[in-house]
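Asks: Listed in order, the protein sequences are those of chains A and B. Counting in the numbering used here, the first sequence runs from 3 upward without gaps. Counting in the numbering used here, the second sequence runs from 142 upward without gaps.
A few of these clues could be false.
[Stated by the list, open to error] Listed next, the in silico DSBU-like pairs over lysine-lysine satisfying Cα-Cα at most 35 angstroms (straight line):
#1 B:Lys199 / A:Lys13
#2 A:Lys16 / B:Lys198
#3 B:Lys183 / A:Lys59
#4 A:Lys80 / B:Lys209
#5 B:Lys199 / A:Lys104
#6 B:Lys212 / A:Lys16
#7 A:Lys104 / B:Lys198
#8 A:Lys13 / B:Lys212
#9 A:Lys104 / A:Lys13
#10 B:Lys198 / B:Lys212
#11 B:Lys212 / A:Lys59
#12 B:Lys183 / B:Lys163
#13 B:Lys183 / B:Lys209
#14 B:Lys199 / A:Lys16
#15 B:Lys199 / B:Lys183
#16 B:Lys198 / A:Lys80
#17 A:Lys80 / B:Lys199
#18 B:Lys209 / B:Lys198
#19 A:Lys80 / A:Lys13
#20 A:Lys59 / A:Lys13
#21 B:Lys199 / B:Lys209
#22 B:Lys199 / B:Lys212
#23 A:Lys104 / B:Lys209
#24 B:Lys163 / B:Lys209
#25 B:Lys212 / A:Lys104
[As the list claims (entries may be wrong)] Rough simulated footprint, nothing fancy, chain A against chain B, three-plus residues with beta-carbon under 8 angstroms:
#26 186-194
#27 243-251
[What the hints assert, rightly or not] DEER-style ranges, computed between Cβ atoms:
#28 B:Glu220 / A:Pro10: 36 to 42 angstroms
#29 A:Glu73 / B:Gly182: 17 to 23 angstroms
#30 B:Glu156 / A:Lys59: 42 to 48 angstroms
#31 A:Ser29 / B:Asn194: 28 to 34 angstroms
#32 B:Gln186 / A:Leu41: 17 to 23 angstroms
#33 A:Thr78 / B:Gly157: 45 to 51 angstroms
#34 B:His213 / A:Lys16: 44 to 50 angstroms
#35 B:Glu197 / A:Gln19: 48 to 54 angstroms
None of these hints come from the bench; they were simulated from the model. For glycine and all other residues, C-beta sits at the position ideal for the given N, C-alpha and C.
Residues per chain are reported as follows:
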Amino acid sequence: GAGVSQSPRYKVAKRGQDVALRCDPISGHVSLFWYQQALGQGPEFLTYFQNEAQLDKSGLPSDRFFAERPEGSVSTLKIQRTQQEDSAVYLCASSRTEGREKLFFGSGTQLSVL
Amino acid sequence: GENVEQHPSTLSVQEGDSAVIKCTYSDSASNYFPWYKQELGKRPQLIIDIRSNVGEKKDQRIAVTLNKTAKHFSLHITETQPEDSAVYFCAASIGRGSTLGRLYFGRGTQLTVWP
Numbered sequence: 003g004a005g006v007s008q009s010p011r012y013k014v015a016k017r018g019q020d021v022a023l024r025c026d027p028i029s030g031h032v033s034l035f036w037y038q039q040a041l042g043q044g045p046e047f048l049t050y051f052q053n054e055a056q057l058d059k060s061g062l063p064s065d066r067f068f069a070e071r072p073e074g075s076v077s078t079l080k081i082q083r084t085q086q087e088d089s090a091v092y093l094c095a096s097s098r099t100e101g102r103e104k105l106f107f108g109s110g111t112q113l114s115v116l
Numbered sequence: 142g143e144n145v146e147q148h149p150s151t152l153s154v155q156e157g158d159s160a161v162i163k164c165t166y167s168d169s170a171s172n173y174f175p176w177y178k179q180e181l182g183k184r185p186q187l188i189i190d191i192r193s194n195v196g197e198k199k200d201q202r203i204a205v206t207l208n209k210t211a212k213h214f215s216l217h218i219t220e221t222q223p224e225d226s227a228v229y230f231c232a233a234s235i236g237r238g239s240t241l242g243r244l245y246f247g248r249g250t251q252l253t254v255w256p
């Protein structure tokens, strides 16, 4: 595709609900990243995939957060039992090669947990 | 891990003036420094980047400088225009080992250019 696509654009969840956020990276991009951006802050790293392999998940804030990229293209970030502090914009980014730093970001999913 | 500090948090300039945003980083192993522009409600977009083997890079009205000794890099925008108004983020990447490709971001600078 023309760019990184994320859906949904907005998600409102009641505390305790599970949510799933989708990312379609640029076609052929090897690396895929998830970042969390709180209001008024810079993006914070969550996790990194190289093709289907999750090479770094050190940024995931708790075991309620889970990400997958089973076929090395589309990725899903799942948050179980959402809490108010999970409210943020979740950004997906991809890059052409492994470890290549030029990241192309999606528009993000704004998650609001009530 | 890497820690990136960014200043100022807000910056207001008159159209046509220059704007400078400064960042420092903590890990001397960092070797890649991109700058992103983010308009309200939109995705961060890469505007310029620099690698540690280069001291300065220019692209039209935008320039970035890097001082590896001081662990300091800056974004310079000349002849500012109202459409330059946005939040600007600096970032650093160590680019090897377990943190390969991972970016560490500053907290952002809200730039407002008044016509």
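Asks: If you draw a straight line from the CA of B:Lys199 to the CA of A:Lys104, is it 35 angstroms or shorter?
Replies: 17 angstroms, holds
Asks: Would you check the hint for A:Lys80 and A:Lys13, treating anything up to 35 angstroms between C-alpha atoms as holding?
Replies: 13 angstroms, holds
Asks: Per the coverage rule (Cβ-Cβ under 8 angstroms, at least three residues), is the region 243-251 of chain B covered by chain A?
Replies: Satisfied; 7 residues make the cut.
Asks: Between the beta carbons of A:Ser29 and B:Asn194, is the distance compatible with 28 to 34 angstroms?
Replies: 31 angstroms, holds
Asks: Quickly compare the C-alpha distance for B:Lys212 and A:Lys16 to 35 angstroms and report which way the hint goes.
Replies: Violated. B:Lys212 to A:Lys16 sits at ~44 angstroms, over the 35 angstroms cutoff.
Asks: Just to be careful, I want the Cα atoms of B:Lys183 and A:Lys59 compared with a cutoff of 35 angstroms; is the pair within it?
Replies: Judged against 35 angstroms, a Cα distance of about 25 angstroms means the pair holds.
Asks: With respect to the beta-carbon atoms only, verify the hint that B:Glu197 and A:Gln19 lie 48 to 54 angstroms apart.
Replies: Roughly 50 angstroms apart at Cβ, these two residues keep to the hinted range, so it holds.
Asks: I want to verify a distance hint. Is the separation of the beta carbons of B:Glu156 and A:Lys59 within 42 to 48 angstroms?
Replies: Check passed, 45 angstroms falls within 42 to 48 angstroms.
Asks: Is B:Lys199 close enough to B:Lys212, meaning Cα to Cα at most 35 angstroms?
Replies: Given that 35 angstroms is the threshold and the Cα spacing comes to 19 angstroms, the pair holds.
Asks: Take a quick look at whether A:Lys80 and B:Lys199 sit within 35 angstroms of each other, Cα to Cα.
Replies: 40 angstroms, violated
Asks: Please verify whether B:Lys163 and B:Lys209 have alpha carbons no more than 35 angstroms apart.
Replies: 14 angstroms, holds
Asks: Does 17 to 23 angstroms hold as the CB distance between A:Glu73 and B:Gly182, or does it fail?
Replies: At roughly 31 angstroms between Cβ atoms, B:Gly182 and A:Glu73 fall outside 17 to 23 angstroms, so the hint is violated.
In terms of the numbered hints stated before, the structure departs from hints 1, 2, 4, 6, 8, 14, 16, 17, 29, listed from lowest to highest.
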